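Student: Each chain, written out:
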Amino acid sequence: MTTNIQNIRGDFPIFHSKPDWAYLDTAATSQMPQIVLDQMSEYHCAYRASVHRGLYREAVRVTEAYENARAVLARFLNAASAEEIVFTSGATGASNQLVHMLEYSGILKAGDEILTTQMEHHASLLPLQQLAARQGVSLVLVPLTRQYAIAYKHTEELIGPATKVVSIMLASNVLGTINNVKRIAKQAHDVGAIVVCDATAAVGHLPVDVRALGVDFLYLSGHKMLGPTGIGVLYGQRELLQNMEPGAYGGGMVEDVWRDGASWAVSPHRFEAGTPNIAGAIGLAAAARYLEGHSLTHMRTYIEALTTLAQEGLRAIPGVHVFSAAAPKNVGIISFVVDGVHPHDVAEIAARHNVALRAGHHCALPLHKALGISATVRASVYLYNTKQDIDALVRVVEEARSIFV
Amino acid sequence: MEDALYKARILDHFKHPRNKRIIDPADVESKGVNPACGDTLTLYLKFDGDAVADVAFVGAGCAISQAAASLLTEKLKGLTRSGLVAFAEADMYTLLGIEVTEGRKKCALLAWRALQDGVRDV
Chain B
1 MTTNIQNIRG DFPIFHSKPD WAYLDTAATS QMPQIVLDQM SEYHCAYRAS VHRGLYREAV
61 RVTEAYENAR AVLARFLNAA SAEEIVFTSG ATGASNQLVH MLEYSGILKA GDEILTTQME
121 HHASLLPLQQ LAARQGVSLV LVPLTRQYAI AYKHTEELIG PATKVVSIML ASNVLGTINN
181 VKRIAKQAHD VGAIVVCDAT AAVGHLPVDV RALGVDFLYL SGHKMLGPTG IGVLYGQREL
241 LQNMEPGAYG GGMVEDVWRD GASWAVSPHR FEAGTPNIAG AIGLAAAARY LEGHSLTHMR
301 TYIEALTTLA QEGLRAIPGV HVFSAAAPKN VGIISFVVDG VHPHDVAEIA ARHNVALRAG
361 HHCALPLHKA LGISATVRAS VYLYNTKQDI DALVRVVEEA RSIFV
Chain F
1 MEDALYKARI LDHFKHPRNK RIIDPADVES KGVNPACGDT LTLYLKFDGD AVADVAFVGA
61 GCAISQAAAS LLTEKLKGLT RSGLVAFAEA DMYTLLGIEV TEGRKKCALL AWRALQDGVR
121 DV
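Chains as they are written, first to last, in the numbering used here: chain B, 1 to 405; chain F, 1 to 122.
By construction, these hints were calculated from the structure, which means they are not laboratory data.
Quick caveat, the model's predicted, so the values are computed rather than measured.
No farther apart than 25 Å at their CA atoms in a straight line, the calculated lysine-lysine pairs in the BS3-like style are these:
hint : chain 1 : residue 1 : chain 2 : residue 2
1    : F       : Lys31     : F       : Lys105
2    : B       : Lys387    : B       : Lys329
3    : F       : Lys15     : F       : Lys106
4    : F       : Lys46     : F       : Lys20
5    : F       : Lys105    : F       : Lys7
6    : F       : Lys46     : F       : Lys31
7    : F       : Lys31     : B       : Lys369
8    : B       : Lys369    : F       : Lys20
9    : F       : Lys106    : B       : Lys369
Turn these sequences into a full structure, and let the hints guide you.
Tutor: Here is the structure:
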C-alpha cells in the first residue's frame with residue numbers, strides 16, 4: 001500500500017473534524033478536497049458573475065474560468081476538443097438530456113432496438129425505458145454471469161441490424177464490476193449503433209478515455225469524483241453533437257429567435273440552456289486536476305488492496321454473502337447481505353460506530369431482482385479510506401450478527 | 001446489556017412474528033412499501049360487524065418495520081372501525097417502546113400507514 005495515505009486524507013477537511021469517521025459511502029457521494037472548496041469559494045468571493053455575457057473584468061474572468069473548466073474536463077476524459085464537453089446538472093441530467101437529444105433528432109424509429117444491461121443505474125435505465133415506450137422501440141437487457149459480469153457472449157447475439165443505441169455503464173455502482181465497454185462499443189459500431197456510456201461509478205477510479213473506449217457519448221457526476229453535487233458532464237463525439245437537436249431550451253443556447261421559432265447556437269452551448277452551475281464547473285475542474293495530480297495506478301493498487309481486505313473480512317463472517325466483483329475488476333464497491341439481519345439494520349448498527357454504509361437497492365432494482373434479493377448493504381472504498389475503516393466495517397457486521405443471530 | 005433499539009421484545013417479534021399469514025378473503029387488504037429500503041408489507045383485516053375479528057400481515061423488511069407489524073396485529077383484534085382510525089402515530093411509537101429516530105420513522109410506521117390507508121377506504 002502507498003505510504004502517503006495520511007497526506008491524501010489530510011487534503012479532505014471533513015476528516016480533520018471527523019478523524020475517526022469510517023466513510024464507506026463514496027459510491028453515493030465522495031468527499032471534497034480543500035482545493036475544490038477553495039476554488040469554488042474564490043469564485044463566489046472574488047469574481048462571481050454570470051458567464052458568457054458581461055464585459056466587465058469579473059465577467060470576463062468567469063467566462064475564462066468556466067471555459068477553462070471545460071478544457072480541463074476534455075483533457076481529463078481525453079476528448080478530442082473542449083467542444084465535446086457539455087456541462088449538465090449531473091449524470092441524471094446528462095442521461096435525460098441525451099435521451100431527448102436522440103428523440104428530437106429523429107435517431108430512432110419504431111421497430112428499432114436499444115440495448116442496455118441488467119446492472120444499469122436507474123438514472124440510465126429509466127430515461128431509456130421511457131424513450132423506448134414513446135418511440136415504439138424495444139429495450140433489450142443483457143443478462144449477467146454468475147461472476148457479476150455482463151454476459152458478453154449474449155451481446156454478440158443481441159446486437160444486430162435493429163440495434164440503434166447501446167448503453168452500458170463503465171462500472172457497476174452495486175457490484176463494482178468494471179465492464180469491457182470497448183468490446184461492446186466495437187460490436188455496436190459494427191452495426192452502426194450509437195454507443196452511450198455511464199461512467200459515473202467508474203470516474204475517479206479508472207482512467208476514463210473516451211477515445212480508447214470508443215464511445216459516442218459518456219456521462220458522469222462531479223460529486224462521485226471529489227467534486228460538488230449539481231454538476232456533471234455529457235461528453236459527445238463532435239460530429240454527432242454538431243448535428244443534434246438540443247434536449248432542453250432556454251437562454252444562452254440560441255443563434256437567433258423569431259416569433260415562432262429559433263435556431264441554435266453551436267455545440268456545446270446548444271446543449272447548455274440557462275445559466276449553468278458555474279461554481280460547480282470550477283469545482284469539478286479542480287477535482288479533475290486533483291486526481292490528475294495523483295498516480296491513478298497507485299490509487300488503484302491501494303483501493304484494490306482495501307477492497308480485497310473488505311471482501312475477505314466479510315466473507316469470513318458466517319452468514320455473510322458478498323456480491324462484489326473480484327479486484328482488479330472492481331472500483332472499490334463491496335455489497336453484501338447478512339443472513340437474518342436486514343440491510344437497513346446492518347447500516348443502523350454501523351452508524352452507531354461511526355461507520356457510514358448504505359443499505360437499499362442503490363437505484364438498481366432490476367439488478368437486485370436478478371440477484372434475487374430486495375436490498376443489500378454497500379461499502380465503498382476510496383483513496384481517503386484506511387485499513388482501520390475496513391476493520392471497523394468487519395467489526396460492525398460481526399456486532400450486527402451478534403445482536404440478531 | 002439490552003440494546004436500546006433492538007430490544008429483546010423487538011427482536012422476538014422480528015424473528016417470531018405473530019399473525020404472519022394471509023387472510024383470504026379479507027375485508028381489508030392494504031399494502032405498504034418503503035421503496036428506498038425494500039420493505040414490503042400487506043395488512044389483512046376481517047371484521048365481525050364493526051369489530052376486528054382477525055388481523056394478519058405478510059411482508060419482508062428490517063427488524064423495526066416487521067416487528068412493528070407483528071406488534072400492531074396483536075393490538076388490533078376487537079377494535080372497532082373508529083378505534084382503528086383513532087389509533088394514532090404516537091400510539092404506534094408507544095407500542096414499539098423504543099425511541100424512533102427520524103431516519104427510522106418510515107420503518108416504524110409502515111404497518112400503521114397500511115392500516116390507516118386500509119381503514120380510510122372502508
